[in-house]
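Residue numbers (the working numbering), protein chains in the order written: chain B, 205 to 492; chain U, 8 to 199.
Treat the hints as calculated values from the structure; they're not laboratory data.
C-beta atoms are modelled at their ideal positions from N, C-alpha and C, and glycine is treated no differently.
A hint or two may mislead.
[Claimed, not checked] Computed from the model, here is a short list of chain U residues facing chain B with C-beta under 10 Å:
(1) G14
(2) S18
(3) P20
(4) E22
(5) R26
(6) L32
(7) T69
(8) L113
(9) H117
(10) G119
(11) D120
(12) K143
(13) P147
(14) L188
Residues per chain are reported as follows:
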Amino acid sequence: MTDQAYNFAYLDEQTKRMIRRAILKGLAVPGYQVPFASREMPMPYGWGTGGVQVTAACLTPEDVLKVIDQGADDTTNAVSIRKFFQRTAGVRVTERTAEASVIQTRHRIPEAPLREGQILVYQVPIPEPLRFLEPREAETRKMHELEEYGLMHVKLYEDIARHGEIATSYAYPVKVEGRYVMDPSPIPKFDNPKLGDCPAIQLFGAGREQRIYAVPPYTKVESLDFEDHPFVASKAPHDCDLCGAGESYLDEVIIDDAGGRMFVCSDTDFCSGRQAAGHRGRFSPEGM
Amino acid sequence: MTGNALGGGFSNPPEQSARAFRAVLEAVSRPGTIWAVEGAAPPAPLSVAAGTVLLTLADGTTPVHLAGGADCQPVRDWITFHIGAPLVDARQAMFALGRWPDLLPLERFHPGDPDYPDRAATLIILTEDLANAGAKLTGPGIAQAAHLSLPDITAFQRNAAQFPLGLDFIFTAGDRVAAMLRSTKVEDAPCM
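Input sequences plus hints: build the corresponding full structure.
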């Protein structure tokens, strides 16, 4: 039931126009972070205020919304954002990736391939990939302007010098369409190959940092690497203990005090879909 | 101000602008594809699509430039009443509206700043017809290649050569929109 006390999708029209203009300019310059006048939202920073504002600016009454947090539909962040839009926009919601037209995500790309007509909205904590290397905004802006990304390669090189391999495992920097280096938000690097050449529109919103950026469909996205240390999309070397999937990204769950652990798909819709289709893992309940 | 200026806006702005934006979002994300929009009934020579795009994206914070035949009193009154955008000369415009020949030369418009390429102008072009034929488009948003009836080739090539600076274009004809961005590469394609 839509709460009539709010404008459609919560935000006022002037704010939505401002966000919409930022989204369009973000698509025109893929990977470039467009500043926008982020609003206070009825949830704290760090809970997806940027993603919520981008979603609010994109939603139509006909949309079907899916919200995931680390791949799961049933965690606090996902549940509260889904309820927020049910209440303020009256849109239908789903947990099925294939049925959704707008998917807001925190830190995962769904396992099921996305298609044209879908929009993937990322919640972004720190949009500037160079921020931990150079804290000054004026400097990082200049570095993007001059395409001066040597520092990022130095960071990856130091990984190799210290650990023997590139140890960065999430928020792994990418270069979009051969120009801007972009933070793909803290998705595991396992998901990086899905960023490029994707049929869906990918939008990134950082509320506290007041930035919006975008990757249009069918855009070249390369993970930074070296010839002798090529990028590897790594995952835990196990199969899912509930559905037996060998190709999905896994969460490690500690199950007792004796070092026992299990690995389960982080994408709950993917995992439950496989279980419903009869796939079984090591710890699947008996007699299902 | 004439009485006509008061009509022709959205009757349900939140939902109509949301649907219109989604069409524009798809058009901009996939250069060369053609999408239908509805909602606005602006005075001539503006089309339904041009009026709807303006109502969806422009407001009191976005200076608008009217070029050639679009710069007439009924259009000025309609924009002033429904949108409240300052009407300015080409150099200061965030949005420009007009027929292709009236918008030339493109160098009049702001292509963005090297540190803020998002500050570039968006040109809303009034055309008679849009078709997926003619110039070949490639680049972000396009899987293989798209075709769009463009009024020019070299001007778009010069614009794209400035990337990441450059102008972005939304074509409007009747109730249809299509887009071309500074990131889109244009080639002359032989007629088929």
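Evaluation of the provided hints:
A cut of 10 Å between beta carbons decides the hint on U/G14: the least distance to chain B is about 19 Å, and the hint is violated. This hint is violated: U/S18 has a C-beta 14 Å from the nearest C-beta of chain B, more than the 10 Å allowed. Hint on U/P20 holds. Least Cβ distance to chain B is approximately 6 Å, under the 10 Å limit. Annotation: interface hint on U/E22 holds; nearest CB of chain B at approximately 6 Å, less than 10 Å.
Hint on U/R26 holds. Least Cβ distance to chain B is approximately 5 Å, under the 10 Å limit. Here the hint on U/L32 is kept, as its CB sits about 7 Å from the closest CB of chain B, short of 10 Å. Hint status for U/T69: holds, given a least beta-carbon distance of 7 Å to chain B, under 10 Å. With a least beta-carbon distance of about 15 Å to chain B, the hint placing U/L113 at the interface is violated under the 10 Å criterion.
Below 10 Å, beta-carbon pairs count as interface contacts, and U/H117 has none with chain B, the closest being about 13 Å; its hint is therefore violated. With its C-beta approaching chain B no nearer than about 8 Å, U/G119 sits inside the 10 Å limit, and its interface hint holds. Given hint, U/D120 at the interface with chain B, holds; its Cβ is 9 Å from that chain's nearest Cβ, closer than 10 Å. Taking 10 Å as the C-beta cut-off, the interface hint given for U/K143 is violated, the closest approach to chain B being about 15 Å.
At about 4 Å, the closest approach between the beta carbon of U/P147 and any beta carbon in chain B falls short of 10 Å, and the interface hint on this residue holds. Because the smallest distance between the Cβ of U/L188 and any Cβ of chain B comes to about 4 Å, under 10 Å, the interface hint for this residue holds.
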